[in-house]
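**Q** These protein sequence lines map, in sequence, to chains A and B.
Counting in the working numbering, the first sequence runs from 11 upward without gaps.
Counting in the working numbering, the second sequence runs from 93 upward without gaps.
Careful: at least some of the hints might be erroneous.
Stated by the list, open to error - In silico DSS-like links for lysine-lysine, alpha-carbon gap of 25 Å or less: (1) A:K155 x B:K177; (2) B:K177 x A:K156; (3) B:K180 x A:K167; (4) A:K156 x B:K180; (5) B:K177 x A:K167.
Read the hints as simulated data drawn from the structure, not as lab findings.
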Amino acid sequence: MVDIMGFIDYVTPLAPHLILIIAALVAPAIGMKSGKATEVFMIIAGVFAMIVTGYLMWTGYVGEFEGLYQFNTFTGLMSLLFLSVFILVAMMSSAEGRKHHGEYFALLAVSTVGMMLVCAAEDMISLFVGLELANITAFALVAFKKNDPRSSEAAVKFLITSGLSTALFLYGMSLVYGFTGSMSINEIIYHMAVTDPSVSYMVAIVVLIAGFAFKISVIPFHAWVPDVYEGAPTPVSTFLAIGSKKMGFVVFFKLFLLLFIAVHFLSQIDDPTAAMRIHELQWVFGMLAAGTMIVGNVVAISQTSIKRMLAYSTIAQSGYLMIVLCVGTEYAMATGLFYMIVHVFMKGGAFIVVAALAARGLGENISDYKGLSKRAPLVAFAMLLFMFALAGIPPLAGFTAKFFLFSSAVTPDGTWIWLVAVAVINSAISLYYYAKVVKTMYVDKGTTSERIRISGSFKLAIAICAIGTIIIGLYPGPVLEICEAAANAYIGGFKEWLFDFHSELFPPIP
Amino acid sequence: MIPIELFLLLSAVLFSIGLLGVLVRSNGIVILMCIEIMLNAANINFIAFASHSPEPLAQIFVIVSIAVAAAEVGVGIAILLRAYKVRKSTNIDDLTTLRW
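Here chain A stands alone, though its shape is the one from the complex:
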């Protein structure tokens, strides 16, 4: 007798992933018949996976799969985020790869599954597999316009930088394994927190940071981002900007944010000198964050292609998110998650507008947008919303997200005030290039006043993003509460584990 209920319990932590994998396996078969049907099918699969994830979160489910993957509020929230990225990208993909619709959606779904697995990973092996699943499928997606030289150029650049980052990660991982003797992320962090830094420890940390810095496009590892985003098909650029980037940050949260929290926690309960060990590391992150913001924003000013401009703005946004790693508190993580969610809507919306207009034959240079307010008033207004949200103008969601994020860095000891100052000045700089797009659309006279009509699925996707940007801006409470619950579940669970593990190794003297 097959134990069906037992099996369902067994796979529940990976239920959303399994739904998407099954859909990805079926997609090429449907793609043989009709492209539109595949799109609809994949969106339904994504929504179904979202409902399952939402239900599991709502019931407060916490589960583990073989000690490799875990489902808790944090992984649930991140899965919801990646699934909404997947659905938005699927909605804007109707024009891409007409001949290979099934394969396109299958790759997209598998890449999303990889990102979700990274969030759920409890172990270095599962983290590595998830990371590579997301990466290798992303190469293929970037190269999807087979006969476009720009697409293949972007794919080669992406392949080489990603391959290099994987190699760095794996080498750093092997050294870390050498001096911790464990593959479980929690145990690795515990050992790293209690060991005094040696040379091999430093090498391992530097190599690991370098490996992941490629993923989140921190300077000096950012050069591939604009090239790849410009050359790749626009939906894939969107996917990389609002999905893949977040995955890199989740890895940073899993390794370094938890390391900082572990060190502070241990210095509270046991070893007061522990906090000194990571002091320099936090400053390294602070410098990287400041440099990334400045480079991203200053270089974005001189861009003429809108996709490159958005790519540099993505780099700048990574700089803002790095603040979370410097501060290293639970509240900072919650605001970081909030910023990520908002970023999906505002940056995703801007990319969708670009894709929708490109599908109607408009160029991808900023100057092509002259007089857009006459040619497509609603789309131009949506673009205005996204641009102002990205710049951080109240009452849009971008302002709220930046406000929470920057305020989390204002701690009583005032260590990171300078970083907040840099971030605020950079926000002001960024207003220049975002407002330039708005000025081009609304003030400049276009050569033609022919109307542009965009197709239905684009309209729906733009509407979702615009509504998300406005609603979260006006009424951020519930979303922030979920983010706080997620950060609390993740860090609180880790601290409990840490306390037990520590007192098992060093029993308190009675």
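Assemble chain B onto chain A, guided by the hints.
**A** Chain B in isolation, oriented as in the chain A frame:
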């Protein structure tokens, strides 16, 4: 038993050769091979640590990473082949359409 330092030295040398190759060579296929050398340096580390540890964990990781590297190279070669068909060159210094 061979001391573990020698393994680590070997892997460090291999890693450096691979990294140098990625940075200075301009042929796409050679760069891909250099990345493989770097991955294998990490694998040597894992195997060296595994031989000094009772757990099979590191060996499992090596098998997983070999499989993943094979998949990566498969997709990578396909992309380079496509780039070659479009522009008749695997030299990545020629990839200059996208800049600034």
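**Q** Now tell me if each hint is right for this structure.
**A** Hints, verified against the model:
no.: 1; hint: A:K155 x B:K177; verdict: holds (13 Å)
no.: 2; hint: B:K177 x A:K156; verdict: holds (10 Å)
no.: 3; hint: B:K180 x A:K167; verdict: holds (17 Å)
no.: 4; hint: A:K156 x B:K180; verdict: holds (14 Å)
no.: 5; hint: B:K177 x A:K167; verdict: holds (16 Å)
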